[in-house]
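Chains A and B, in that order, are what the protein sequence lines are. Each residue of the first sequence is one higher than the one before, starting from 1 at the first, in our numbering. Each residue of the second sequence is one higher than the one before, starting from 1001 at the first, in our numbering.
Take the hints with a grain of salt, since some may be wrong.
Claimed, not checked - Simulated coverage check for chain A against chain B, where a stretch passes if three residues somewhere in it have a Cβ under 8 Å from a Cβ of chain B:
| no. | segment |
| --- | --- |
| 1 | 43 to 49 |
| 2 | 106 to 114 |
Said to hold, decoys possible - Some chain A residues well away from chain B (every beta-carbon gap over 10 Å; in silico):
| no. | residue |
| --- | --- |
| 3 | ILE12 |
| 4 | GLN18 |
| 5 | GLU52 |
| 6 | ARG63 |
Since the hints were derived computationally from the structure, they do not count as laboratory data. A virtual CB, placed ideally from N, CA and C, is assigned to each residue, including glycine.
Residues per chain, in single letters:
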Amino acid sequence: KAGVTQTPRYLIKTRGQQVTLSCSPISGHRSVSWYQQTPGQGLQFLFEYFSETQRNKGNFPGRFSGRQFSNSRSEMNVSTLELGDSALYLCASSLGLGGAGYGYTFGSGTRLTVV
Amino acid sequence: EDQVTQSPEALRLQEGESSSLNCSYTVSGLRGLFWYRQDPGKGPEFLFTLYSAGEEKEKERLKATLTKKESFLHITAPKPEDSATYLCAVQHLAGGTSYGKLTFGQGTILTVHP
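Pulled out of the complex, with its shape left as it was, chain A reads as follows (with noise of 0.2 Å):
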């Protein structure tokens, strides 16, 4: 059973440029949230979409922007990028909202590098 996929692996972007990142999640799984993940503070969520539709979102400016498709695959948007939106990317799906079924699953996260 493949686990949740995120793409690309590795990003180096320029301060003010925009990123696009994407997340496949496990077959049959409805839900997909997104985290950033850095030194400093740790993992933080960002939002969470279910049928296609943003549930939930963290405390982050609106620059952090995604999107969730009917087939589930979400992506992630960060415009007007800055020097600490340097971080790891992680993705995670679940059967159903909130983590319903068996709780999150995660991918191996994209590692996006802001210069």
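Please arrange chain B on chain A, whose structure you already have, making use of the hints.
Positioned in the frame of chain A, the structure of chain B alone reads:
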């Protein structure tokens, strides 16, 4: 606001030396407490979910317990392959826009020497 504090920040053990990791939390109504293991360069790997005080779960050399204010991850006779960062996270009860949110602690870096 939910808060999770893990201790110690780092723990070095000799192979076979049992110990415990602590996760203390403050949450307005606990839906679940999660333990994850994270290896360098990888995403967190699910270990356990605990839902109510008094609950215990075991998996190989790991045992997780839960009280009303904290959780412990006991590691019995650890091996070098148990070296990793162990993360604790809480999820609070349904309601509002933060229902699906996991609040993570900073993690405990465990190193097991042969």
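Against chain B, does the segment 106 to 114 of chain A show at least 3 residues with beta-carbon separation below 8 Å? holds (count 4)
Grab the minimum beta-carbon distance between GLU52(A) and chain B and tell me whether it stays above 10 Å. holds, 15 Å
Could you check that no beta carbon of chain B comes within 10 Å of the beta carbon of GLN18(A)? holds, 24 Å
Least C-beta distance between ARG63(A) and chain B, which was stated to exceed 10 Å: holds, 19 Å
Interface exclusion of ILE12(A) relative to chain B, criterion Cβ beyond 10 Å: The assertion about ILE12(A) holds, with a minimum of 16 Å to chain B.
Go check the segment 43 to 49 of chain A versus chain B for me, would you? Three or more residues, Cβ under 8 Å, otherwise it fails. Coverage by chain B holds here, the residue count being 4 at a Cβ distance below 8 Å.
Checked against the numbered hints given earlier, this structure breaks none of them.
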